[in-house]
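Residue numbers (this note's numbering), protein chains in the order written: chain A, 1 to 370; chain B, 371 to 740; chain C, 741 to 1110; chain D, 1111 to 1480.
Careful, some of the hints might be misleading.
For lysine-lysine, the following DSS-like pairs were computed, each having C-alpha atoms within a straight-line distance of at most 25 Å [unchecked claim]:
# : chain 1 : residue 1 : chain 2 : residue 2
1 : C       : LYS867    : B       : LYS478
2 : B       : LYS478    : B       : LYS489
3 : D       : LYS1229   : D       : LYS1218
4 : A       : LYS108    : D       : LYS1218
5 : B       : LYS431    : B       : LYS497
6 : B       : LYS559    : B       : LYS431
These aren't lab readings, by the way, just hints derived from the structure by calculation. Since the structure is predicted, the reported quantities are computational estimates derived from the model, not experimental observations.
Protein chains: 4
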Amino acid sequence: MTAIEHSTLEVAVLANGQALSVPVYRIRGESDGPSVYIQANMHGAEVQGNAVIFQLLEQLKSQHCLGDITLVPLANPIGSNQKSGEFTLGRFDPITGENWNRGYHFNKSLPVEFAADNKHLTNDEIKQNFRQAIIDDLEQNKLNNPYGAKTSQLLCAQLQRMAFDADIVLDLHTGPISSRHLYCPEYAKDRAILFDIAHVLFIPSDFDGAMDEATFCPWWQLQQAYQAQGRDIEVMVEAFTLELGSQEWLSLEAAKEDSNSVLSYLQARGVIDGEAFQPRKMIRYGCMLENYRALYAPQSGLVEYLAPFGDVIEEGGPLVQILHMERYGELDCVTQVNAPQRCIPVLHFASASVNRGTELYKVMTNFFTL
Amino acid sequence: MTAIEHSTLEVAVLANGQALSVPVYRIRGESDGPSVYIQANMHGAEVQGNAVIFQLLEQLKSQHCLGDITLVPLANPIGSNQKSGEFTLGRFDPITGENWNRGYHFNKSLPVEFAADNKHLTNDEIKQNFRQAIIDDLEQNKLNNPYGAKTSQLLCAQLQRMAFDADIVLDLHTGPISSRHLYCPEYAKDRAILFDIAHVLFIPSDFDGAMDEATFCPWWQLQQAYQAQGRDIEVMVEAFTLELGSQEWLSLEAAKEDSNSVLSYLQARGVIDGEAFQPRKMIRYGCMLENYRALYAPQSGLVEYLAPFGDVIEEGGPLVQILHMERYGELDCVTQVNAPQRCIPVLHFASASVNRGTELYKVMTNFFTL
Amino acid sequence: MTAIEHSTLEVAVLANGQALSVPVYRIRGESDGPSVYIQANMHGAEVQGNAVIFQLLEQLKSQHCLGDITLVPLANPIGSNQKSGEFTLGRFDPITGENWNRGYHFNKSLPVEFAADNKHLTNDEIKQNFRQAIIDDLEQNKLNNPYGAKTSQLLCAQLQRMAFDADIVLDLHTGPISSRHLYCPEYAKDRAILFDIAHVLFIPSDFDGAMDEATFCPWWQLQQAYQAQGRDIEVMVEAFTLELGSQEWLSLEAAKEDSNSVLSYLQARGVIDGEAFQPRKMIRYGCMLENYRALYAPQSGLVEYLAPFGDVIEEGGPLVQILHMERYGELDCVTQVNAPQRCIPVLHFASASVNRGTELYKVMTNFFTL
Amino acid sequence: MTAIEHSTLEVAVLANGQALSVPVYRIRGESDGPSVYIQANMHGAEVQGNAVIFQLLEQLKSQHCLGDITLVPLANPIGSNQKSGEFTLGRFDPITGENWNRGYHFNKSLPVEFAADNKHLTNDEIKQNFRQAIIDDLEQNKLNNPYGAKTSQLLCAQLQRMAFDADIVLDLHTGPISSRHLYCPEYAKDRAILFDIAHVLFIPSDFDGAMDEATFCPWWQLQQAYQAQGRDIEVMVEAFTLELGSQEWLSLEAAKEDSNSVLSYLQARGVIDGEAFQPRKMIRYGCMLENYRALYAPQSGLVEYLAPFGDVIEEGGPLVQILHMERYGELDCVTQVNAPQRCIPVLHFASASVNRGTELYKVMTNFFTL
């Protein structure tokens, strides 16, 4: 029976002086397997990852864990509690509009400087010293800045501080109304098939503020910096964002399946012992991030979503129909929006009312099988 | 081919000076059948009624309409356009919090005064003169008040002004996540079975501000006032609120079914000619409004809704399970909320995150078959 | 030196499982003076009352308190923490739109029933037994209801439970942009002049859900019920709502003045000993609640507020000018809204952008000097 | 008398099918003076710029305008009408959280490519051809994209399309609670003193999505690209953001002063004839953008803002005091936040309730006199 330690970490303080904290569950690895950090629910409405952490904990209890595993459900207590009407408006800071998953820290000059200053370190020394360097940089710029830092930056920095100790980071999200999909850094392409996730988006080494990028960008750019010096090292850390279906939806049964998927990845990476968990056989599609396209509503109106997730839609195939009840009797009272090119729909907007310019669907184009 | 007239009515003005208006579709009756007013989408997220009006118009084109029919989709342009995150936060005025469907006008002294002052009128004169009296009262108090009136009152008053001309008023709503259900005034109990709606809530003659109440309360209380004087008259006007399923959801196909349901009612009431539309055979359940109970969350947490709509749940039967991921390892990490008494679930909350005191389910208790 | 006890009371639980609580400060009376309950900040943006409680505590430390005094700042932790943009959207429950200060409990049949059932009690017995009756009723209907209760009702019920133990209740609010004003029940008219507040609104015995009404309505209606039986008793409890200026504004200095005003009232009522605090000499105006009128914007646009608080504005005098920049070049690019009758402006809307129907000003009409 | 043409431009469409448009006022220049584009109210709550446009139009009527002037008040009808409680939550798209003033288009490869491809053009040809190039690029990528574009991008692109025709662009904003200040590109430093604005922030050539940057970045980077090729050209277009005080505040009188300030700039730049308008004598302070620092709340609580705008605060001088009413009786019930270094406060947060990490003040550091 694996022991699970439970603690809490204060990550925010409300105007009435009350602290908000996140639960932290920790498993100590039995040997020197890779260490893992898993969090869920950074966006308030995306709750299903919490259920996956529940099922992971249930299953890990009877596994041999070779590396340390830290699991943080309910990672954003501000977002979890931000309601506007029935819905959980927890995607962005209600004060500033800033997306909670864009507040992570990355100092882009650090990898190049480190590689320049540390040419003769061993790989192990690189790993240890660079990890310390990014931790120091985070603490100095965000956690101990004399001018303070934004609420979102403080929250992110504290989560990131835990993630920086890990070799593997999994950030559990969901789409709005969505099928399962995976964000995978290009350099870790071969590991995408270890999850039971049929749609994979491959992302480049640019930083846009998300947890996965904040985790792998320093290490990936470090690898590139050494490569530019003529030395080949591995990217020493990897991170994935798992999108586990739709927001505002909880299912313990579906979460069990997703926990199996995560465990098959963890087992393949040597975090847990044995061979009990294997990825399911399925057709997996991938595309590059630049080919993962949002289609914005060309007209306002009331929307019926027509295209099922996962199907290949040919160019010109129907995606949505829009009802314009202010125009009854005119030809265009019901209009249709079609696919601009061959694509696979992955998610769609969560409301039946759209403005011109609302994101209707996100689709994979120029996709390929993995 | 029935002619459909199209006009627009300005109901609000935005801060930048732009008017917001509603589309108004009108069919002139071929003879003296009852006149009808149908509106949809008073709450911004409840869009399906628009599709029902679309299908009604499509079908009415080839019917003989004996009475006038006025149809107003998109009845609340402020609510339709009030977004907060993806969702349409159009249930209440964002400035004041006032529920848009509680802003209608009713002067409760009017029926008693009218009955006292007009003892010797014929029934036809009562109908005509009392209609004029409530119209005058509305205009004086809301539309032409020297102090003005609230935004919600102005919107409601203009819709109500149109509804006051009708003998039958149907207000098309939806629940959050919901099965079809019908609000029916107790005095019109026998007409509940004319709709294809399995769950019916019978409401008393009290006024709580909604369109259906604002329509029938004056006439019902007038009937009561004459009755108190020893004269029996009919309630001369009737109104229903139809809840057509879930919010933020549009389906032209489901709307076709609901338009058939409305047409079967209208045909039975002599608004359209013939016998083409008949109510479907189904088991219909009813309960009194006081027995339509909301169950509030006894604990906060992440919710999986277990009870299907329409099934009879016995006392103690499971309604939801709540995941408390901050308590993993404790016995009550997953708790269950059970039915306090035998009931039929009709709708549930639209989010998987709830606070203590959030409305989880609304259920019919002490129900009976119609 | 008066001892101040400090405790906290849990009043809500967030979706992530964290409890929200309010601080409770208690002073034990040295003898049998009236007991007092003072709360502040039930509406999230109305923070100044907290500063007044701060100054009261500072001053009470060196007073002889004859009755118990309970002070609850930050009374609504949900509202205090509900941001939308920079502002504290804490006036209504973000899920339901319900005004936080309308969720208190009052069972209107209780006073009449109690008076009927308890004709022969002494005044002291009436006070003690009726207090217990309303406490029991509150607990049964709100705190221990098998169907639960709404979030706002649970919060209110817990505050109300504390207030029910007191003979005097002061609820500290502010307006939007506002001068100081006082809501005073008609029966306590003579006590209005004990506060340093120039504008007084006299309210009738109807219940509309606010804390002051929830406090005095049971006792006032009890007095009326006994009176109907031919027995004259006093209204045994009194409650006031103090509006301390504008929302989103904190001033420790202004709070000191308001604490003096409250202390002069408390001293006059025998809660604190001595004669140190006297009401300031000022012209005080009063009007009946029905004559406290809201003026709604007749047009949308950008507003410059012209009428200063506290001045008498004659009929036709200017209240606001509205800029309509979409109409430059037309005569009505700048319009003016004038007083429909002689009045004293007490507060105005907090934004420069208004819709048709937005409350521009609240004004006293048919006012008189106290 | 200068003729003012009035038209309207549709910039968005609501879910109920209604178009939202902006008013456009145009003055044709009498000769070949620089052309000017002035807009106001891109953020919904920042209304004072509309009043300044009103006063500009009033004054321009009697001036000789040498260049074309286009004035667009109420530039963001979506933001103007986005209320949340009393306040105008019009800073970011309520659906996505995206700041309305970050949605402008800039293709950063364009200047370098253009300079490479057009080495031998005359200065006039550069101005004409590059202007066409950025217009074409905008239309292709935003206005005519087969995938559509975001609501905010569509709004911005249409405003930007008008601004691209001008040589001078002024974007009128306000702070939250704020003194007047000016964002000025470093290359136009000498023109900062032409406005009656005491605080100037000098911004570099990086693009962050705002209107001023979207206007000058292409031209500034074009100048840099030619310079890298050894050819010196001027930056041919200039743009400023004027912050005119506080949001949610309208004053026609203050607007008159600001219109004089704008006219003194326009006269100096040859847009209007004569010498009637001269900048006022005042001490003007400037700092580089990197030295314009936000101070974030180190603690949550209720805030009293202490530091007046425009004063020099020494290191350690008091900026705010924070009241923590949950800690009465403890030493830190009232805490103070002090200046981390010598600075001039320019604006502060608009609410008295702050979380840890809320922006309290923005201050100029390392400032200098102009």
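So, going through the hints one by one against the coordinates:
| no. | hint | verdict |
| --- | --- | --- |
| 1 | C:LYS867 x B:LYS478 | violated, 35 Å |
| 2 | B:LYS478 x B:LYS489 | holds, 18 Å |
| 3 | D:LYS1229 x D:LYS1218 | holds, 18 Å |
| 4 | A:LYS108 x D:LYS1218 | holds, 20 Å |
| 5 | B:LYS431 x B:LYS497 | violated, 30 Å |
| 6 | B:LYS559 x B:LYS431 | violated, 30 Å |
Hint violations for this structure: numbers 1, 5 and 6, all remaining hints satisfied.
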